[in-house]
Amino acid sequence: MAISLTINGASHTVDAEPETPLLWVLRDNIGLTGTKYGCGIAKCGACTVMIDGKKAFSCTTKASAAVGKDVTTIEGLSEDSSHPVQVAWIEQDVPQCGYCQSGQIMAAAALLNQRPDPSDLDIDAAMSDNICRCGTYRRIRSAIHRAAEIAQG
Amino acid sequence: MKNFEMDRRRFLVTSSSAAGGLVLGFHIPTAAHAGRIMGDPWMAAEGGQEVNAWLVIDPDNTVTIRVGQSEMGEGVFTGLPMIVAEELQCDWSKVKAVYAEVNRHVRNKAEPYMVAAGAAKETDGLYQRMSTGGSGAVRRSRLYLAQAGASARERLKQAAADTWGVARADVSAEDSVLSSGSNSGTFGEFAAAAATIDLDQEPAIKTPEEYTLIGQSLPRLDTPLKVNGSATYGIDVRVPDMVYAAVEVSPVPGGRLVSYDFDAVKDRPGVLAAHRLGEGGIGVLHYDLGDVAQRVTGIQSGVAVIADSYYRALTALQLMPKEWDAGEFGDVSDESIINGALEVLANPDDPTYNPANSVGDARAAIAASDNTLEATYVTPYLEHACMEPMNCTAHVTADRADVWVGTQNPPRALSVAAEEAGLPEEQVHVHTTFLGTGFGRRLRQDEVRQATAIAKAQGQPVKVVWTREETTKQGKFRPYSTYHFSASMNGDSKPEAYWNRIVSHSIFNHQIPQFLNEGIDRQAVEGLDARLPYVFDHQQTDYAIRDSHMPVHWWRSVGASQNAFAIESFVDEMAHAAGADPLEFRLALLPEDSEFRNPLEVAAKEAGWTTDLRAGEGMGIGMSEAFGTIVAQVAYVTVSRRGQLRVESIDCAIDCGHVIHPRLVQDQVESQVVFGLTAALYGEIHIQNGAVVEDNFDQYLMLRINEMPEVNTHFALSGGEKWGGVGEPAVPPVAPAVANAIFAATGKRVRRLPLRNHDLIG
Chain A
1 MAISLTINGA SHTVDAEPET PLLWVLRDNI GLTGTKYGCG IAKCGACTVM
51 IDGKKAFSCT TKASAAVGKD VTTIEGLSED SSHPVQVAWI EQDVPQCGYC
101 QSGQIMAAAA LLNQRPDPSD LDIDAAMSDN ICRCGTYRRI RSAIHRAAEI
151 AQG
Chain B
1 MKNFEMDRRR FLVTSSSAAG GLVLGFHIPT AAHAGRIMGD PWMAAEGGQE
51 VNAWLVIDPD NTVTIRVGQS EMGEGVFTGL PMIVAEELQC DWSKVKAVYA
101 EVNRHVRNKA EPYMVAAGAA KETDGLYQRM STGGSGAVRR SRLYLAQAGA
151 SARERLKQAA ADTWGVARAD VSAEDSVLSS GSNSGTFGEF AAAAATIDLD
201 QEPAIKTPEE YTLIGQSLPR LDTPLKVNGS ATYGIDVRVP DMVYAAVEVS
251 PVPGGRLVSY DFDAVKDRPG VLAAHRLGEG GIGVLHYDLG DVAQRVTGIQ
301 SGVAVIADSY YRALTALQLM PKEWDAGEFG DVSDESIING ALEVLANPDD
351 PTYNPANSVG DARAAIAASD NTLEATYVTP YLEHACMEPM NCTAHVTADR
401 ADVWVGTQNP PRALSVAAEE AGLPEEQVHV HTTFLGTGFG RRLRQDEVRQ
451 ATAIAKAQGQ PVKVVWTREE TTKQGKFRPY STYHFSASMN GDSKPEAYWN
501 RIVSHSIFNH QIPQFLNEGI DRQAVEGLDA RLPYVFDHQQ TDYAIRDSHM
551 PVHWWRSVGA SQNAFAIESF VDEMAHAAGA DPLEFRLALL PEDSEFRNPL
601 EVAAKEAGWT TDLRAGEGMG IGMSEAFGTI VAQVAYVTVS RRGQLRVESI
651 DCAIDCGHVI HPRLVQDQVE SQVVFGLTAA LYGEIHIQNG AVVEDNFDQY
701 LMLRINEMPE VNTHFALSGG EKWGGVGEPA VPPVAPAVAN AIFAATGKRV
751 RRLPLRNHDL IG
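Residue numbers (the working numbering), protein chains in the order written: chain A, 1 to 153; chain B, 1 to 762.
Simulated from the structure, these hints should not be mistaken for laboratory data. Glycine is no exception: its CB is placed at the ideal position from the N, C-alpha and C atoms. Among the clues, some could well be false.
To be verified - For each label pair, taking beta carbons as the anchor points, the in silico distance ranges come out as:
{"no.": "1", "chain 1": "B", "residue 1": "Asp547", "chain 2": "A", "residue 2": "Ser78", "range": "50 to 56 Å"}
{"no.": "2", "chain 1": "B", "residue 1": "Leu319", "chain 2": "A", "residue 2": "Ser64", "range": "15 to 21 Å"}
{"no.": "3", "chain 1": "B", "residue 1": "Ala346", "chain 2": "A", "residue 2": "Ala125", "range": "33 to 39 Å"}
{"no.": "4", "chain 1": "A", "residue 1": "Ser128", "chain 2": "B", "residue 2": "Asn757", "range": "43 to 49 Å"}
{"no.": "5", "chain 1": "B", "residue 1": "Gly643", "chain 2": "A", "residue 2": "Asp117", "range": "45 to 51 Å"}
{"no.": "6", "chain 1": "A", "residue 1": "Ser128", "chain 2": "B", "residue 2": "Ala346", "range": "38 to 44 Å"}
{"no.": "7", "chain 1": "B", "residue 1": "Ser182", "chain 2": "A", "residue 2": "Gly9", "range": "56 to 62 Å"}
{"no.": "8", "chain 1": "B", "residue 1": "Ser718", "chain 2": "A", "residue 2": "Gly9", "range": "54 to 60 Å"}
{"no.": "9", "chain 1": "B", "residue 1": "Gly327", "chain 2": "A", "residue 2": "Gly53", "range": "48 to 54 Å"}
{"no.": "10", "chain 1": "B", "residue 1": "Glu426", "chain 2": "A", "residue 2": "Gly53", "range": "29 to 35 Å"}
{"no.": "11", "chain 1": "B", "residue 1": "Arg752", "chain 2": "A", "residue 2": "Ser4", "range": "53 to 59 Å"}
{"no.": "12", "chain 1": "A", "residue 1": "Ser128", "chain 2": "B", "residue 2": "Ala116", "range": "53 to 59 Å"}
Generate coordinates for the entire structure from the input sequences, incorporating the hints supplied.
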């Protein structure tokens with residue numbers, strides 16, 4: 001079955017069942033493998049993308065639910081890693097293994113869309129959906145504060 | 001907007017190899033190609049002059065350094081090139097890193113100059129130690145990496161000296177520039193000549209006082225790839241004509257798939273095939289608990305469903321009717337396993353004990369004492385919970401096999417794939433990807449065997465992905481362990497006798513029984529045998545093995561991860577029984593020249609160690625030596641009146657001797673605190689009806705950002721000859737430091753992990 005989706009500003013028509021999780025459409029049908037599979041039940045955040053600028057777990061979002069909406073993945077957050085969250089992540093060398101970081105970055109970017117200057121409590125509330133098995137949490141917190149500074153000039 | 005899909009599919013054409021076989025090459029041009037590491041880190045450097053097997057120099061002075069260890073977050077793609085570059089004296093801003101090629105490692109031995117320098121044996125493979133584990137990336141490869149850099153530098157200098165008619169001693173090398181008097185040239189200009197030069201004598205490597213690059217906290221080379229989605233992990237690999245496999249094998253090790261009904265799902269969209277795995281099905285080596293090789297990587301009975309997308313394969317697998325036979329272990333539980341061990345522990349005369357350490361006569365001293373302290377400790381099975389679920393992509397043809405996998409042991413992956421493919425090792429190519437963590441799990445290669453068998457049966461490239469549930473249930477677990485301690489206190493602050501019995505599931509007995517030493521698994525008794533830091537007039541440690549049907553495996557810091565909890569908690573119990581300050585008590589039990597003293601004192605000082613805290617607040621100490629490194633920690637916790645625990649801060653003092661990259665070490669310490677705290681708070685694998693109960697992160701809980709304590713890393717470096725590992729040793733002290741802090745805060749002594757099972761209301 002054909003489904004048409006708008007991903008990172010480009011339209012894609014893919015052959016997939018409507019109930020297919022957006023995660024697998026992104027990864028297998030479109031080849032955007034930056035969005036990761038971690039749990040499949042919205043308990044780790046590795047699959048986090050933005051739909052219409054808001055955080056979404058692509059592993060529990062049906063592809064059909066993304067039709068007509070703007071989906072942004074890590075590959076589309078910026079052309080050249082210039083989004084404030086990416087800049088802060090590079091400055092502070094946040095990633096270790098890096099596997100969860102696409103999801104962390106997308107969740108952080110979505111948080112800044114909602115709260116341009118988040119407190120530590122805001123960060124805890126927004127980011128505790130995302131597991132990092134390397135334990136980069138201190139740098140994630142610090143880089144989100146830094147990204148807020150960069151975004152505000 | 002760039003069309004990403006087209007780029008992803010712009011593959012190199014296939015071409016014939018020297019052996020006449022098809023070479024499957026592919027190329028994924030991403031923005032990352034402009035960076036210093038490619039998104040696909042196994043891709044060979046193109047062009048340039050190889051000066052030796054470890055480094056290639058381009059005409060523009062770009063130096064590509066090959067990395068023989070796996071990048072799973074610890075930073076080997078930055079730290080190891082720094083060791084080479086320190087000696088090469090090249091321009092660091094033009095250093096690139098790429099994986100060393102494992103097929104070449106298997107085909108070729110260490111280079112003659114390396115042997116001549118005494119940094120390799122003639123029988124070593126080209127890249128020497130390619131397995132990443134045991135916190136060994138720096139301590140086990142530093143000497144030969146430094147030699148590779150130094151020997152290349154001296155050849156570059158000799159090439160310039162020959163051209164200029166001067167002595168090599170009069171040529172200097174700095175930032176990729178060679179100079180002597182008014183002569184000057186670049187590494188790029190002399191690389192080709194350098195590659196042909198033989199030296200009478202290989203140069204000595206630098207001593208730490210001479211380092212200029214090492215010791216700097218340089219930006220990680222892999223960071224740019226990890227903020228834009230371009231780093232390729234095993235699960236991201238895409239190969240032309242690739243199909244996808246979802247797999248399910250017996251949830252009980254040794255159980256079997258009785259039947260499955262592929263007809264019920266074969267007409268679903270995209271579904272291509274099903275393959276029976278293990279017994280009665282595909283695979284050269286099938287699972288059998290009774291045989292070491294078969295129980296380590298043998299293919300479990302089960303089934304793979306193949307489709308044109310992963311979700312289609314997975315859906316068909318889940319909908320397909322299947323009937324299982326649990327086999328002979330269908331009534332085993334974690335309770336039955338651990339209770340069996342506790343029965344042995346309760347009987348000091350059980351004939352299966354073997355002595356791991358004996359000084360004086362501890363048993364008699366304790367029997368004669370009228371003031372003894374006894375305690376029993378228990379730690380559970382644990383799963384690694386790698387962030388990236390297990391996966392492997394393979395392609396097997398008549399004369400060549402290719403495997404793409406995030407593995408901690410590429411040569412072992414290659415050998416397993418060769419065995420399954422039925423090909424000589426020379427015809428097998430393992431392309432190591434980035435690893436979404438490893439923690440030891442990716443040393444096993446069971447997924448490589450399974451994927452190779454499936455790809456061979458399917459006759460085309462197959463990407464095998466395990467669900468999170470399959471990854472957890474088919475885990476290879478950190479063993480349970482049980483401990484009984486007895487000590488004679490005799491009314492003063494220095495106990496006279498110490499006797500410890502340990503009963504556990506032995507990794508050695510499961511995987512490498514030939515390395516048991518008179519019944520002792522040296523990892524199971526790590527830190528508790530002669531390696532116990534404390535001294536008693538009489539001390540004895542006995543060990544007995546009680547295995548179960550569960551597969552066990554190395555897990556970040558292995559035996560120390562649980563032994564430190566037991567001993568450091570019991571030492572705390574002894575201190576309280578003696579009415580002593582736990583810090584002073586430990587110092588009194590350590591020999592005067594103990595290497596533990598300085599890290600312990602540094603951690604205590606930096607944490608502001610005190611026992612004078614309000615009710616509900618506590619500090620606790622834990623320390624351990626693992627992989628040549630000592631770590632001491634002080635945890636500060638609060639426990640609310642309702643029993644809510646919060647780990648507020650952990651101060652860690654580390655003595656790993658020397659440091660290549662201070663911030664990477666600090667990041668590692670923080671990582672290990674999170675890993676150790678996750679296990680201490682939540683970690684527990686239950687077994688019911690022979691199978692693992694936990695399947696996903698809703699049941700197997702992980703520490704999250706809102707629970708992250710303040711972590712302060714303090715270097716307490718002793719220098720000298722000591723080069724300790726840094727990938728694991730900060731894990732073990734966490735659980736005892738926190739448990740001892742809980743005791744200080746509440747008076748509740750936790751003797752069985754995890755902490756979440758305990759009511760902490762004071």
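To see whether the hints hold, each was checked on the structure:
A hinted range of 50 to 56 Å for the beta carbons of Asp547 of chain B and Ser78 of chain A is consistent with their spacing of about 53 Å. At roughly 19 Å, the beta-carbon separation of Leu319 of chain B and Ser64 of chain A lies within the given 15 to 21 Å, and the hint holds. Remark: the range hint 33 to 39 Å for Ala346 of chain B to Ala125 of chain A is contradicted by a beta-carbon distance near 48 Å. For Ser128 of chain A and Asn757 of chain B, the Cβ-Cβ distance of about 22 Å falls outside the hinted range of 43 to 49 Å, so the restraint is violated.
Range check, Gly643 of chain B to Asp117 of chain A: Cβ separation about 35 Å, and the 45 to 51 Å hint is violated. Judged by the Cβ atoms, the range 38 to 44 Å given for Ser128 of chain A and Ala346 of chain B holds: they are separated by roughly 42 Å. For the hinted restraint 56 to 62 Å between Ser182 of chain B and Gly9 of chain A, the CB-CB distance of approximately 57 Å keeps it satisfied. For Ser718 of chain B paired with Gly9 of chain A, a C-beta distance near 56 Å keeps the hint of 54 to 60 Å intact.
For Gly327 of chain B and Gly53 of chain A, the Cβ-Cβ distance of about 52 Å falls inside the hinted range of 48 to 54 Å, so the restraint holds. The given range of 29 to 35 Å is broken by Glu426 of chain B and Gly53 of chain A, whose C-beta atoms sit roughly 53 Å from each other. Roughly 55 Å separates the CB atoms of Arg752 of chain B and Ser4 of chain A, a value that falls within the hinted 53 to 59 Å. Checked against the hint of 53 to 59 Å, the C-beta distance between Ser128 of chain A and Ala116 of chain B comes to roughly 56 Å, which is consistent with it.
When the structure is compared with the earlier hints, violations turn up for hints 3, 4, 5, 10 and for no others.
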